[in-house]
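Participant: Sequence:
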Amino acid sequence: MKSTEQRVSKILSRGIIKNILPSESELKKKLLSGEQLRFYIGADPTGPSLHLSHAKNFMLLEEFRQLGHKVFVLFGDLTACIGDPTDRNAARTRLTREEAKKNVDSWVNQIKAIINFDDHDNPAEVVLNSTWFDQMSVTEMIELLSQTTVQRMLERDMFEKRINNNQPIFLHEFVYPLFQGYDSVALDVDVELCGTDQTFNALAGRDLLKRFKGKEKFVVAVNLMENPATGELMSKSNGTGVFLGTNPKTMFGEVMSLPDEMIEVVLINNTRVALDEIAQLDIKNKPRDAKLFTAEKLVSIFYGERAGKDEKESFIQTFSKKSFPSDAPKVEIEENQLDLLSLVKRCQPEKSNNEIRRLISQGAVSLNGNKITDFEESLVISQGMELKVGKRGFFHIN
RNA sequence: GGAGGAGUGCCCGAGUGGUUAAAGGGGACGGGCUGUAAACCCGUUAGCUUAGCUUACGUUGGUUCAAAUCCAACCUCCUCCA
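Each residue of the first sequence is one higher than the one before, starting from 1 at the first, in my numbering.
Honestly, the hints are just simulated from the structure, not real lab data. Glycine included, every Cβ here is placed at the ideal spot set by N, Cα and C. There could be a bad hint or two in this list.
Claimed, not checked - Straight-line distance between alpha carbons at most 30 Å, and here's what the computed BS3-like set of lysine-lysine pairs gives: (1) Lys10 <-> Lys30; (2) Lys30 <-> Lys210; (3) Lys112 <-> Lys101; (4) Lys284 <-> Lys391; (5) Lys70 <-> Lys215; (6) Lys284 <-> Lys29; (7) Lys10 <-> Lys371; (8) Lys321 <-> Lys286; (9) Lys249 <-> Lys391; (10) Lys312 <-> Lys284; (11) Lys371 <-> Lys330; (12) Lys18 <-> Lys112; (13) Lys18 <-> Lys210; (14) Lys371 <-> Lys391; (15) Lys70 <-> Lys297.
Stated by the list, open to error - Computed Cβ-Cβ distance ranges for the label pairs, DEER-style: (16) Asn285 <-> Glu155: 44 to 54 Å; (17) Gln6 <-> Leu233: 16 to 26 Å; (18) His120 <-> Ile142: 24 to 34 Å; (19) Met141 <-> Asn285: 22 to 32 Å; (20) Gln280 <-> Asp119: 30 to 40 Å; (21) Pro22 <-> Arg392: 46 to 56 Å.
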């Protein structure tokens with residue numbers, strides 16, 4: 001077992017953390033004091049799915065839990081109903097409480113592989129900020145609102161931009177930082193982990209905590225995972241996402257389809273592979289191997305080592321060696337004879353006929369390894385036929 | 001309360017009466033290439049009983065041989081003034 005000091009240094013220096021306020025050395029001192037600190041990450045459950053950039057925050061939190069600190073995963077079910085003004089479109093996509101609650105359940109499910117909620121002695125704890133905001137009286141709210149000034153809020157770049165662009169700022173989003181910040185007070189924390197884009201909000205919380213409780217909160221700002229070549233953030237719309245809550249095969253594939261530049265970013269943020277081991281991978285010259293390694297690691301973390309190995313093997317067999325995957329779904333066909341269009345439709349009923357016609361004429365469909373481009377071609381169905389549709393659609397015909 | 005502006009396909013965004021199922025970009029999908037589902041090149045991207053038909057540009061009506069494009073009402077959103 002390494003000394004606490006070594007473990008702490010390792011966590012702080014891996015390259016995940018961008019900035020520590022008020023200072024790294026102060027935090028380090030505190031971490032080594034032997035005191036059990038209270039950590040938290042807050043996240044507004046605005047959508048159903050999480051990706052790796054979210055996951056890395058929770059993984060970091062888990063490391064602090066393993067050091068013996070108390071950690072909270074805070075879901076802003078109430079603040080999600082406000083909409084963080086950081087997101088330009090948030091004002092439009094306000095959630096109902098029911099939607100937020102649903103997302104919370106889904107998120108907990110997705111992160112329980114990387115954060116331990118069941119530890120006997122020191123489990124991570126899920127908290128919802130509606131717990132305290134629902135109890136808050138108007139008197140208390142006025143007290144909260146009186147803790148800051150309009151000028152102070154206006155320091156926020158986002159608000160300044162909106163004013164310059166003649167974009168609206170609604171009152172409820174204007175005070176959003178205050179509400180988010182109050183979470184720190186309610187939870188009485190020592191340290192908050194947040195994305196660099198949330199620094200302003202986290203600092204608002206730091207101020208509040210100082211005023212209400214005279215306590216100095218540390219803010220640990222972590223990098224957002226972005227493509228070093230293009231600066232693109234990981235997100236669904238950029239197509240650069242690896243999403244949690246799918247399945248091992250999908251996750252493996254999503255990693256393989258990441259741009260090569262993302263390999264190192266993912267290894268650093270989402271695995272704990274030693275930095276010198278990452279360097280030895282020689283990503284530049286062997287991107288494919290490095291990516292396979294990364295994909296296996298990730299699937300192992302989320303679904304277990306067995307799944308990681310299996311998916312890697314399956315990927316190599318299917319896409320490198322081009323052999324028909326043995327775990328392809330089986331489709332029962334009663335008829336002895338069927339045209340190609342209908343056959344594909346049986347396997348992928350969610351596709352429209354037009355789409356299937358298109359695929360066939362583009363040469364995407366093959367039977368037993370032979371490409372067929374006539375969708376009207378009548379086929380004699382036999383046991384064990386192998387149908388391939390596109391890159392990833394594999395079916396055994398029975 | 002007054003004046004003005006906007007609502008287009010999965011997303012962003014052109015388009016102001018007629019080859020417009022709607023430019024362009026993104027995403028996605030397919031093909032080629034690659035011992036990566038990366039990159040790159042090319043193509044596709046409403047549905048159907050597919051040489052035809054049906055549905056589609058906020059909603060509902062109207063004008064016209066013909067409307068995303070003109071008119072009316074309504075809904076939603078934004079800006080400025082007060």
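Participant: Each hint should be assessed against the structure and marked as holding or not.
Facilitator: Results of checking the hints against the structure:
1. The straight-line distance between the Cα atoms of Lys10 and Lys30 is roughly 16 Å, inside the 30 Å bound, and the hint therefore holds.
2. Proximity of Lys30 to Lys210 is assessed by CA-CA distance (about 17 Å); at most 30 Å being required, the pair is judged to hold.
3. Between Lys112 and Lys101 the alpha-carbon distance is near 17 Å, which keeps this suggested pair within the 30 Å criterion.
4. A hinted pair counts as satisfied when its Cα atoms are at most 30 Å apart, and Lys284 with Lys391 qualifies at roughly 26 Å.
5. The hinted pair formed by Lys70 and Lys215 meets the criterion: a straight-line CA distance of about 17 Å does not exceed 30 Å.
6. For the proposed pair Lys284 and Lys29, the alpha carbon gap of about 38 Å is over 30 Å, so the pair is violated.
7. Taking the CA atoms of Lys10 and Lys371, the gap is near 54 Å; set against the 30 Å cutoff, the hint is violated.
8. Annotation: proposed proximity of Lys321 to Lys286 holds, straight-line Cα distance about 18 Å (limit 30 Å).
9. Note on Lys249 and Lys391: the hinted pairing holds, with a Cα-Cα distance of about 14 Å set against a maximum of 30 Å.
10. With a C-alpha separation of about 20 Å, the suggested pair Lys312 and Lys284 falls inside the 30 Å cut-off, and the hint holds.
11. Only pairs whose Cα atoms come within 30 Å are accepted, and Lys371 paired with Lys330 is accepted, the gap being roughly 20 Å.
12. Distance hint between Lys18 and Lys112 is fulfilled; the C-alpha atoms sit about 25 Å from each other, no more than 30 Å.
13. Annotation: proposed proximity of Lys18 to Lys210 holds, straight-line Cα distance about 23 Å (limit 30 Å).
14. Proposed proximity of Lys371 and Lys391 is supported: the alpha carbons are some 13 Å apart, at most 30 Å.
15. For the hint linking Lys70 to Lys297, the alpha-carbon distance of about 27 Å falls within 30 Å, and the restraint holds.
16. At roughly 47 Å, the beta carbons of Asn285 and Glu155 sit within the given window of 44 to 54 Å.
17. The hinted range of 16 to 26 Å is not satisfied by Gln6 and Leu233, whose Cβ atoms lie roughly 33 Å apart.
18. A hinted range of 24 to 34 Å for the beta carbons of His120 and Ile142 is inconsistent with their spacing of about 43 Å.
19. A hinted range of 22 to 32 Å for the beta carbons of Met141 and Asn285 is inconsistent with their spacing of about 59 Å.
20. A beta carbon spacing of about 33 Å between Gln280 and Asp119 agrees with the range 30 to 40 Å that was offered as a hint.
21. Between Pro22 and Arg392 the beta carbons are some 50 Å apart, a value that agrees with the proposed interval 46 to 56 Å.
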